[in-house]
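A.B. asks: In case you want the letters, here they are:
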Amino acid sequence: MTETAYAQLLDLGAGLVLVCAFVVVWRRGLVAIVRALAVQGFALAAVAVVLGVHQHALEPVVVAALVVAVKGVAVPRVLLRVVRSGGEARESDPLINIPTSLVGAAVLTLVAYATTRGVVAVSPSPATRAIPIGLAVVLIGFFVLASRRKAITQVVGFLLIDNGIALVAFLATAGLPLVVELGAALDLLLAVLVLQVLAARMRTKFGGLDLDQLQELRD
Amino acid sequence: MSRAVVGFLQVVVLVAGAPILAGLVRKVRARLEGRAGPPIAQPWRDLRKLLGKERIVPEHTSWVFAVAPLVVMCSVGLVAAIVPFASTRTPFGSAGDLFAVVYLLLLGTVFLALGGLDPGTAFGGMGASREMTLAALAEPTVLLAVFALSVPAGSSNLSAIVAATLAHPARVATLQSVLALAAFAVVTLAECGRLPVDNPSTHLELTMIHEAMVLEYAGPDLALVELASAMRLAVFAGLLANLFFPWGIATTTSPLEVVLGMAALAGKVACLGVALAVFEVFVAKLRLFRVPELLAASFVLAFLAVTASFFLT
Amino acid sequence: MTEPASASEPGDGSRPAPGEFLGGSLQIRHVDAGSCNGCELEVGSAFGPVYDAERFGVRLVASPRHADALLVSGPVTKNMAVPLAKTLEATPSPKLVIALGDCARDCGVFRGAYGIEGAVGDVVAVDADIPGCPPDPTEILRALRRLTGR
Amino acid sequence: MSFVGACIFTACVAGVLACAAGLALPARWSAPVVGALSTVMAAAGLAGGVAVLATGHVWAGRFPSVLPLAGVELSLDPLGAIFVVATAAVAIAASVYGVGYAAPSRAARALVPLFVLSLLLVPAAASVTTFVALWEVMALTSLLLVAAEHRHRPEARDAAVWYGVMTHAGLVVILLGLVLFAGHAGGESFTALRAAAGEMSPLVRSTVFVLTFVGFASKAGAVPLHVWLPRAHPEAPSHVSALMSGAMVKLGVYGIVRVGFDLLGGGPRWWGLVVLAVGMVSALFGILHALVSSDLKRLLAYSTTENVGLILIGVGAAGVSAAGGSRTLAAVAMAAALLHVINHALFKGLLFLGAGSVVSATGTRDLDRLGGLVRSMPVTGATFAVGALAIMALPPFNGFVSEWLLLQSLVHSVSSTSATLAVTMPVAVAVVALTGGLAAATFVKAFGTGFLALPRSPAAADAREVPPSMQAAMIALAGGCVALGVAPTVLGGALDRAVGVLAAVRDGSPLRHDGVTLSLSGIRGSLSPLMVASGLVVGAVVLLGALRAVGARGPRRRAENWGCGRSVQTARMEYTATSFAEPLQRVFDDVLRPDHDVDVSHRAESRYYVEAVAYRTAVRDAFETHAYAPVLRAVRWWGRAARRLQNGSVHRYLAYAFVALIVVLVVAR
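Chain order of the listed sequences is A, B, C and D. Just so you know, we're using numbering that gives the first Met the number 0 here: the first sequence kicks off at 0 and counts up by one. Just so you know, we're using numbering that gives the first Met the number 0 here: the second sequence kicks off at 0 and counts up by one. Just so you know, we're using numbering that gives the first Met the number 0 here: the third sequence kicks off at 0 and counts up by one. Just so you know, we're using numbering that gives the first Met the number 0 here: the fourth sequence kicks off at 0 and counts up by one.
Isolated chain A, as found in the complex (with noise of 0.2 Å):
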């Protein structure tokens, strides 16, 4: 793989990491939020990939392995029957409406670019020049727990601050090391299991996933 192949690539697996947190803005309909996520699984895989390639390590590889199980794959498919188990399935009315959320998306990718200038002159290289991007996916899943009101979008929020957690780290890093991928994996699916566990109860008590209603749970 000739160095500028290897460039553009990482920067497309990235990119698309980030396109598809666009996507969850920019949806209303909660299937195509969470098949947003699902690809943004692969593309991170497709990232680990590519730099395990060009570092020629096996360990990245594995760690991509397991990056399509649990993020393409197993909580896209949680989700998805969660999704489609009843209730509205669509985010109909965010907080903040959609092209606004849009642009506020947008201007969080400037400040993420704009802040982590420093971090990437420290060691310029194809890599670490996409660690903007990983930063600006964690802003954005910040922004769709702080704007939307479904429980779902709420978990898509937070897989989205993971995904970008995880993307950084395989930039920055070369890739954590696989035990650590291993437990934050596990835990990620813990963790949404324990969210589905909740988003039924949720819906037995309220009829719904509409996160304003626990604010009726105050006194």
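Since the hints were derived computationally from the structure, they do not count as laboratory data. Certain hints may be false.
[To be verified] Here are a few chain B residues that face chain A, going by a calculated C-beta distance under 8 Å:
id, residue
1, Thr252
2, Val258
3, Glu292
4, Val299
[As the list claims (entries may be wrong)] Across the chosen pairs, the derived CB separations fall in these ranges:
id, chain 1, residue 1, chain 2, residue 2, range
5, D, Ala482, A, Leu94, 50 to 58 Å
6, D, Val630, A, Val193, 40 to 48 Å
7, A, Ser84, D, Tyr614, 50 to 58 Å
8, C, Gly114, D, His601, 31 to 39 Å
9, C, Asn36, A, Leu188, 54 to 62 Å
10, D, Ser518, A, Ala4, 47 to 55 Å
11, A, Ser91, D, Tyr614, 23 to 31 Å
Owing to the predicted nature of the structure, the values given are computational and were not obtained by experimental measurement. The beta-carbon is built from N, C-alpha and C at its ideal position, and this holds for glycine as well.
Chain A is fixed; fit chains B, C and D onto it per the hints.
C.D. replies: Only chains B, C and D this time, still in chain A's reference frame:
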């Protein structure tokens, strides 16, 4: 062959080919819907017949109504002469860059909207209002996509962009180029009034955008408007094809190369037409007030393309 | 995928087609002048996937300004007489009027009813008619193909 | 005396004579005489400006006896000349137009030449005293003109109060800045300031810049200091609106450029960024309000804020590039801004004159009550269309050329070395693009609902074309819009020289041209508006020929509008300006925050029978409600508090004076 001849040929080929492209899209859609569909050359039959019909001018209208089809046609025709479709050596190579192309196309949109407002009918005003709404929101995306494309070439001149891509083919697969392509494709749908923004085959006035503006045009005037909108689609398809996949375009004005360039263009545009038809079969029209979300998304793509070209390279 | 209905039987050339100017392209504005909607169903079917009138260059359009022919169905009610005449006036010539269905030809079962102005021919000049109550889509297609000559 | 000197002298004499004639002559004579003398004055100004631009020679003159203590110092360099030419072009048209336009009073007629004279002289002022004095004359005359129609319309009074307060607050800030500058420079002539600027501490320089920028921005109508503009412009007589919008507002830009780039000689990058940010906010905010406004002159006034925003984007980009060391880009951006100054003077002048014709023909500025004017007022309609197309920045009109230059300079200003630039410039391009798109929608609305379709009120139906002098003025400006759109290259040298005045951005010649094609030095981009225009014309001729050849240009039949068979069409069925803008208003709900009010009244018999539905929508200026209202409340509170000191007793007032005297004695000792 001189540059002027190349430009003239480009216009002739676009005028002749644009209705065929429209016919192709219709045919492919019909086949996918399980119909036989009209022949591919049907739009030309329609145009020929319209040219022989009576000219009707609604009462109360002014020169604006009469001039609008001419302006729409001339602006898109001029774009056809400027843009390097068959050869990078077009007669107006230095006359206009991508910004000029964008504003020339906006000139057509504006006149069509004025032509829709002139008769004073409710639907004409509605169509004009919607068309200008979408045009205003699509403008930032178009110009940012232009910006993203002009960064690697260091110039917004079309020939320079095409030449830069030819010289560095790998650039097509960079992140910024892919994002710009996606943004430009979405904007093409909006600017040409295709699904999911506008349904070109609707008969329901309340859902119309483009069609509502031209409800009052008849005969030869209608022929011009229809031809111009077909050419608009062809121009956008040609731009997409040559800005992102310029291979096959002539870099000289030798007749053989130019003819090959034409053939390559026709092939690429036909592929895009088929892709458009397939896409249209699978999507539904968006509600008018959901369209800004789509345009905001394409704007963000274009914006990411621009920033990526500065932060990632 | 449904097999399209037979595409044989070209336009019959026994008498000079009134639609010679069409050249294989016919745009139709459909006017419901008081129909029971039976004819409308058949028109919808004629343009649907099974009969697919579009393959003969026929298209329904949204404005009489774009049309070459008015396809008028139903007996003309008193309220629709003026709009029908206005629609014809709005159509650029050369233009055709096609009376669709028995009601449009001679008021059919509604003959003599109190709200009826008359058949289509009593209000505007008719160039072609399609009998039937409602007419079969193949009949509609045949009539249209006779006009376009395709 | 040199030619330029003679021109300026002629202008002064003609202006004073015109003023006197307006006051002294009977009404029947004063209109043509004042018009003729004002035209001579403006033409003399134009000649002087053109002479300076053509040769590049700076004309300077000192008249110690005119003003006590300081004397008057004048100097016309190419930068000032650009503004003089822009002003003079509008002023010629406005003077001719004024002949046929019914002036509200004799004083108003006499004030206009004085106002124009001050506009022509401000860019030639070469010392702080002269500048401030002329600036104040300009402010006062325009204030009186805004209030001219106060007897007929109480809103004019309100507008005059707003304008008076804003313009004088601005003057105070400018004065503070310039006095600080002069104090540190040790002299008050611009030459002394320029010479001393280099040695000043950065703090002083930045303070001077910020103070003068705030003052000049308030004159330029930049957000958030724009609130006077949409009030004052609609209330002034229309040819005065044209002058205010086409020329006076630009002098705010002139002040920013003169002080920031010439006298201070440029500064750190954040100056440019501040100007850029103000420009972007003004452009977007202005055009959004223009879009939803259905008062024609208010729409034009907000659009002035938008265009000033575009100019400031150019100025700001020039400052940023200059601070970053790329002078070529800075020069191109500055040239774009200056070209837009001239272009905007032409088309906004034209549009305001057109609006004035509409008002004098119909008596209303409400687009929702207009319509159909293009048939009853063909010349006004056609020239307004030219102005609208020019302001939409469409080829082949002049607005397109400056917008193209602006976009080119922004696109190329980005560099991968600076994060700030890589973030701001794409945003600026997006803002310019969105502004352009919204401007297209705005002016399609203004022309499409104001001039096309059916008249929406009896007043609009009875409109008659305005007198020939008013038509001539509009035709002249429309001709200018087309000429500069087709051949902007005639201004190439002038712009080079004007940019050359500015030490911070001076760079050879930014614009290269061979008479047809305009290309930029250092940037690979070229445009030949002439070829675009001729391409359009040739295309139209070929198209018409082809249509005739196939027999498609037969006779036309006039037919009733197609209305789905309805029996009559009335104007109530039309889209109005408000409904035209509604979709975009809805899209930008979050920014505009319109107030909706639906009132449904039912019949007495049953709730199910609706008697009438009233729908009102109003868009308030967010800055007015959120930024100005609290300040005004505070001032009012303060005023009430201060009133307690004042109880009408003469003894108490004398006591105050007595206390003050003692305090002074103690403090001054």
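A.B. asks: Under the constraints set out in the numbered hints, which ones does this structure not fulfil?
C.D. replies: 1, 2, 6, 7 and 10
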